[in-house]
Amino acid sequence: CNEAKSEGRAELIPSIKLRHCCLLRNQRCVTAYLYDRLLRIRALRWEYGSVLPPNIRFHMCAEELQWFGQYKKSLASFMRSLGGEEGLDITQDMKPPKSLYIEVRCLKDHGEFEIDDGTVILLKKNSQHFLPRWKCEQLIRQGVLEHVVS
Amino acid sequence: MFISDIRKEFYEVVANQRVALLVSSDIDALCACKILQALFHCDQVQYTLVPVTGWQDLGTAFLEHKEQFRYFVLINCGANVDLLEMLQPDDDSIFFICDTHRPVDVVNVYNDTQIKLLIKQDDDLGKTLLRREILFDYEQYEYHGTSAAMMFFELAWVLTKDTKDMLWWAIIGLTDQWVHDKITHMKYVTDIATMQRHVSRHNHRNEDEENSLSIDCMRISFEYDLRLTLYQHWTLYESICNSCYTSCSFKLWTLNGQKKLQEFLADMGLPLKQVRQKFNSMDMTIKENLRDVIEEASNKYGMKDIRIQTFGVHFGFKNRFLASDMVHATAALLESTEKDESDSDNFIKALDSLSRSNLDRLHSGIELAKKKLIAIQQTVASCICTNLILSQGPFLYCYLMEGTPDVKLFSKPMALTLLCKYLLKAFVHSTRNKRCKLLPLIMAAPKDVEKGTVIVVGITPESETSDKKNFFGRAFEKASESTSSRTLHDNFDTSIIELKTEDRSKFLDALITLLS
Chain A
1 CNEAKSEGRA
11 ELIPSIKLRH
21 CCLLRNQRCV
31 TAYLYDRLLR
41 IRALRWEYGS
51 VLPPNIRFHM
61 CAEELQWFGQ
71 YKKSLASFMR
81 SLGGEEGLDI
91 TQDMKPPKSL
101 YIEVRCLKDH
111 GEFEIDDGTV
121 ILLKKNSQHF
131 LPRWKCEQLI
141 RQGVLEHVVS
Chain B
1 MFISDIRKEF
11 YEVVANQRVA
21 LLVSSDIDAL
31 CACKILQALF
41 HCDQVQYTLV
51 PVTGWQDLGT
61 AFLEHKEQFR
71 YFVLINCGAN
81 VDLLEMLQPD
91 DDSIFFICDT
101 HRPVDVVNVY
111 NDTQIKLLIK
121 QDDDLGKTLL
131 RREILFDYEQ
141 YEYHGTSAAM
151 MFFELAWVLT
161 KDTKDMLWWA
171 IIGLTDQWVH
181 DKITHMKYVT
191 DIATMQRHVS
201 RHNHRNEDEE
211 NSLSIDCMRI
221 SFEYDLRLTL
231 YQHWTLYESI
241 CNSCYTSCSF
251 KLWTLNGQKK
261 LQEFLADMGL
271 PLKQVRQKFN
281 SMDMTIKENL
291 RDVIEEASNK
301 YGMKDIRIQT
311 FGVHFGFKNR
321 FLASDMVHAT
331 AALLESTEKD
341 ESDSDNFIKA
351 LDSLSRSNLD
361 RLHSGIELAK
371 KKLIAIQQTV
381 ASCICTNLIL
391 SQGPFLYCYL
401 MEGTPDVKLF
411 SKPMALTLLC
421 KYLLKAFVHS
431 TRNKRCKLLP
441 LIMAAPKDVE
451 KGTVIVVGIT
461 PESETSDKKN
471 FFGRAFEKAS
481 ESTSSRTLHD
491 NFDTSIIELK
501 TEDRSKFLDA
511 LITLLS
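Residue numbers (the UniProt record's numbering), protein chains in the order written: chain A, 1 to 150; chain B, 1 to 516.
Looking at chain A on its own, in the form it has when it is part of the complex (with noise of 0.2 Å):
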């Protein structure tokens, strides 16, 4: 634009200001585009845990990844300074929990699933557990496990 005043081709100006408000108006776009894309990958990590399916993995650019792992951490040193020694894990418990204990019905076939303390429960099509909610949980939020209600 000042170029174009210290060269007398003033008439060129409107044409620059319009191009320029146009990319200044993509830039905000695409801005904003990536700020709703962070939110997204954001709430990712309150959904899916700290490992994230790799179909979704598939479909984040390299910085967005280094900057959900950058969050992650975040979060993590976050829940440790909470609760005393051991921290506290607030991804737990989204909804406060009615029962320790909840039914759950599987809906497809998982195979083995390893429980925290070493307890291994075979998830087959249509079977049934009583399980402590905080096992569940994970797997109830990736539509593998069904909560009964009685």
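Hints were generated in silico from the structure; no laboratory data involved.
Beta carbons: idealized from backbone N, C-alpha and C, even for Gly.
Take the hints with a grain of salt, since some may be wrong.
Claimed, not checked - List of simulated lysine-lysine pairs, PhoX-like, C-alpha gap at most 25 Å:
| no. | chain 1 | residue 1 | chain 2 | residue 2 |
| --- | --- | --- | --- | --- |
| 1 | A | Lys108 | B | Lys478 |
| 2 | B | Lys259 | B | Lys425 |
| 3 | B | Lys478 | B | Lys304 |
| 4 | B | Lys478 | A | Lys125 |
| 5 | B | Lys506 | B | Lys478 |
| 6 | B | Lys339 | A | Lys124 |
| 7 | A | Lys124 | B | Lys349 |
| 8 | B | Lys318 | B | Lys349 |
Said to hold, decoys possible - With beta-carbon atoms standing in for the labels, derived distance ranges:
| no. | chain 1 | residue 1 | chain 2 | residue 2 | range |
| --- | --- | --- | --- | --- | --- |
| 9 | B | Trp157 | A | Asp109 | 36 to 44 Å |
| 10 | A | Gly143 | B | Lys318 | 53 to 61 Å |
| 11 | A | Gln66 | B | Glu450 | 39 to 47 Å |
| 12 | A | Asp109 | B | Gln196 | 39 to 47 Å |
Following the hints, position chain B against chain A.
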């Protein structure tokens, strides 16, 4: 070994453990399962529930879970075979078996370490077990003992954790045994009396006028109700036409029978218009004394026991069900052939229908049950009218050909057994041959068209005083061996087998020779 203290030797043992529940596909087992699940929920006992339809399923389920579980509870399967021989478990696996199948395999009785039988010892076993001659007899026949659901209800009662829901499930389990002809009338009446004591105990609170329960609470009541299947969810007319008892008494497959029915209705002063309406829409004046009116009229037409002791439940203004309604609905769901769903899908649906919160499921079950009953009556009528039941000497035989309407429904064991029972009753009412009236009946129907197999069912002769002891299990085994027929004895009821269609004739011939 038999467990004498079900609380100490079973419940307290599994209370802090994880348990695998292997449940057979019959209504009594489903009810027993619901009761046990409710108790486990109460005490936070972790479990895994796997439905099993036969011995192969049981074997597979055990193999898949044996690494993860030490304690297995088997419901309505496992008592009548040498279980340890069949499953070859490790030494630390423990099996708690609550099974109505009798006789209990002797090996199971005498194993002290791994087999624990949740069975009442005086259930027709005890003393006869020890005498050798009677032992031979004992092992030849298959019959059923006390309902599994009732056993688990008793456990709940001993733990003082019994609820009305559990009581209702126990009643449904018992009624299932009666509907599917697994126990004698005497046993049914005795067990009803036991349940009645529990019902009175639970209803104690209802009588308190000041603190009476809200209409939405569950109420179970003793009913001396009509033997008209599903009549409160149907039209009275349809129910009379499609209930085995009335259909056979009137012989509704004949013109004469139809006329008698019209007379019967006219006798009671019931206009056809009313009787063909949905039961709930019938005039109140007619509904009020219906049971007494029908009982009186039935006596004149030779139906002396049109009423039967049973129980009903109601919760909310609209929801009233008799125990037999529940049995028919759940059985129809369990053996549904509507969509191509697997056995375990149906198991889950049937299990769900037993919860009061799944009324939609229950109502869909009732609709399926109506279709099934209509199909049964039509098949019975056509078999009788076309003389499809042949006397083979020692037994009657009927074969449903491919292409028979609704034949797909009868590829399932409970449905075929029900058809068999109704058919035999109808036959006994229609034949003049006195000898034929005392014969048992074997029925065969196509099971798997691709594999080329049929399902074969054998039932005991029709009799008022029948002890329901079925010898076909052994007979089928021997006939199969002697002719090298390709049979599959997968069902927990030994009187139901699968047979290659081509081997049908030689198998039958062997049976005739065997039983003559």
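How the hints compare with the structure:
no.: 1; hint: Lys108(A) x Lys478(B); verdict: violated, 41 Å
no.: 2; hint: Lys259(B) x Lys425(B); verdict: holds, 20 Å
no.: 3; hint: Lys478(B) x Lys304(B); verdict: violated, 41 Å
no.: 4; hint: Lys478(B) x Lys125(A); verdict: violated, 37 Å
no.: 5; hint: Lys506(B) x Lys478(B); verdict: holds, 13 Å
no.: 6; hint: Lys339(B) x Lys124(A); verdict: holds, 21 Å
no.: 7; hint: Lys124(A) x Lys349(B); verdict: holds, 16 Å
no.: 8; hint: Lys318(B) x Lys349(B); verdict: holds, 22 Å
no.: 9; hint: Trp157(B) x Asp109(A): 36 to 44 Å; verdict: holds, 38 Å
no.: 10; hint: Gly143(A) x Lys318(B): 53 to 61 Å; verdict: violated, 35 Å
no.: 11; hint: Gln66(A) x Glu450(B): 39 to 47 Å; verdict: violated, 55 Å
no.: 12; hint: Asp109(A) x Gln196(B): 39 to 47 Å; verdict: holds, 45 Å
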